[in-house]
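With the sequences and hints as input, model every part of the structure.
Number 47 in the working numbering belongs to position 48 of the sequence shown; there are no gaps in the numbering.
Hints were generated in silico from the structure; no laboratory data involved. One or more hints might be untrue.
[Unchecked claim] Only pairs whose alpha carbons sit at most 20 Å apart, straight line, appear in this in silico DMTMM-like list of lysine to aspartate or glutamate:
1) 109 <-> 65
2) 111 <-> 124
3) 109 <-> 137
4) 125 <-> 136
5) 40 <-> 55
6) 182 <-> 52
7) 182 <-> 121
8) 109 <-> 124
9) 69 <-> 55
10) 69 <-> 24
11) 109 <-> 158
12) 182 <-> 76
13) 111 <-> 136
14) 125 <-> 155
15) 40 <-> 60
16) 125 <-> 147
17) 32 <-> 19
Quick caveat, the model's predicted, so the values are computed rather than measured.
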Amino acid sequence: ILISGRGSNMVALVEAARLETYPAEIVGVISNKPNAAGLEKAQALNIPTAVIDHTDYSDRETFEQDLHEKLLALEAELVCCAGFMRVLTPWFVSRWENRLINIHPSLLPKYKGLQTHQRAIDAGDKETGCSVHWVTEDLDAGAVILQESVQIAPHDTAELLAARLLPIELSLYPEALEIVASKLRSPQ
0 ILISGRGSNM
10 VALVEAARLE
20 TYPAEIVGVI
30 SNKPNAAGLE
40 KAQALNIPTA
50 VIDHTDYSDR
60 ETFEQDLHEK
70 LLALEAELVC
80 CAGFMRVLTP
90 WFVSRWENRL
100 INIHPSLLPK
110 YKGLQTHQRA
120 IDAGDKETGC
130 SVHWVTEDLD
140 AGAVILQESV
150 QIAPHDTAEL
160 LAARLLPIEL
170 SLYPEALEIV
180 ASKLRSPQ
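What follows is the structure in structure tokens.
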């Protein structure tokens, strides 16, 4: 699991993976930020952690080469971006093609990128939501695995909407990973 921040979706994935019937095992958590709160949460859950600080690198490619090597060392089969705030290059994405998923706080294909909740409010949308999707070379453009929506109330702010959507994210991401991991595990 790749993180950059508080790790709430990471914790949801780890807790789901602890169920005996869940088809995925979490082998590690990697952060690009040494002070990410999610690192302490992962350690408290006895999940191996690593920091590959992107600011230590002069370019994206070298950072991603080290990230790729760490994932190989962990023997990762799937990579879950969970609040990982780095745009990945085509080089990295191609190495993890069809094994790299992300959760995004909008009903893709609407509102790719940042400030998704505010953009939905500003557009006068009646609903927004979250999507778990395959990561491709184009930002937030991969096929959607699962989505769930929430109504936008007239008094909503971006912060209120984010808070109301978080519990939905925390159940949707483990469900999507279960689907993806089950397909990976099933004989062809």
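Here's how the hints hold up against the structure:
1. For the suggested pair residue 109 and residue 65, the alpha carbons sit about 32 Å apart, so the restraint of at most 20 Å is broken.
2. For the proposed pair residue 111 and residue 124, the alpha carbon gap of about 15 Å is at most 20 Å, so the pair holds.
3. Taking the CA atoms of residue 109 and residue 137, the gap is about 14 Å. The hint holds against a cut of 20 Å.
4. Between residue 125 and residue 136 the CA atoms are separated by roughly 30 Å; this puts the pair beyond 20 Å, and the hint is violated.
5. Proposed proximity of residue 40 and residue 55 is contradicted: the alpha carbons are some 24 Å apart, above 20 Å.
6. Distance check on the hinted pair: residue 182 and residue 52 sit about 32 Å apart at the alpha-carbon level, beyond 20 Å; violated.
7. Between the alpha carbons of residue 182 and residue 121 the distance comes to roughly 38 Å, so the proposed pair goes past 20 Å and is violated.
8. Between residue 109 and residue 124, the direct Cα distance comes to roughly 11 Å. Compliance with the 20 Å bound is thereby established for this hinted pair.
9. Using a Cα cut-off of 20 Å, the hinted pair residue 69 and residue 55 holds, with the two alpha carbons roughly 16 Å apart.
10. For the suggested pair residue 69 and residue 24, the alpha carbons sit about 17 Å apart, so the restraint of at most 20 Å is met.
11. For the hint linking residue 109 to residue 158, the alpha-carbon distance of about 19 Å falls within 20 Å, and the restraint holds.
12. Restraint check for residue 182 and residue 76: satisfied, since their Cα atoms lie roughly 12 Å apart, inside the 20 Å limit.
13. Distance restraint check for residue 111 and residue 136: the Cα-Cα separation of roughly 13 Å lies within the 20 Å cut-off, and the hinted pair is therefore satisfied.
14. For the given pair, residue 125 sits about 11 Å from residue 155 by alpha-carbon distance, which is consistent with the 20 Å threshold.
15. With a C-alpha separation of about 28 Å, the suggested pair residue 40 and residue 60 falls outside the 20 Å cut-off, and the hint is violated.
16. Distance hint between residue 125 and residue 147 is fulfilled; the C-alpha atoms sit about 14 Å from each other, no more than 20 Å.
17. Taking the CA atoms of residue 32 and residue 19, the gap is near 31 Å; set against the 20 Å cutoff, the hint is violated.
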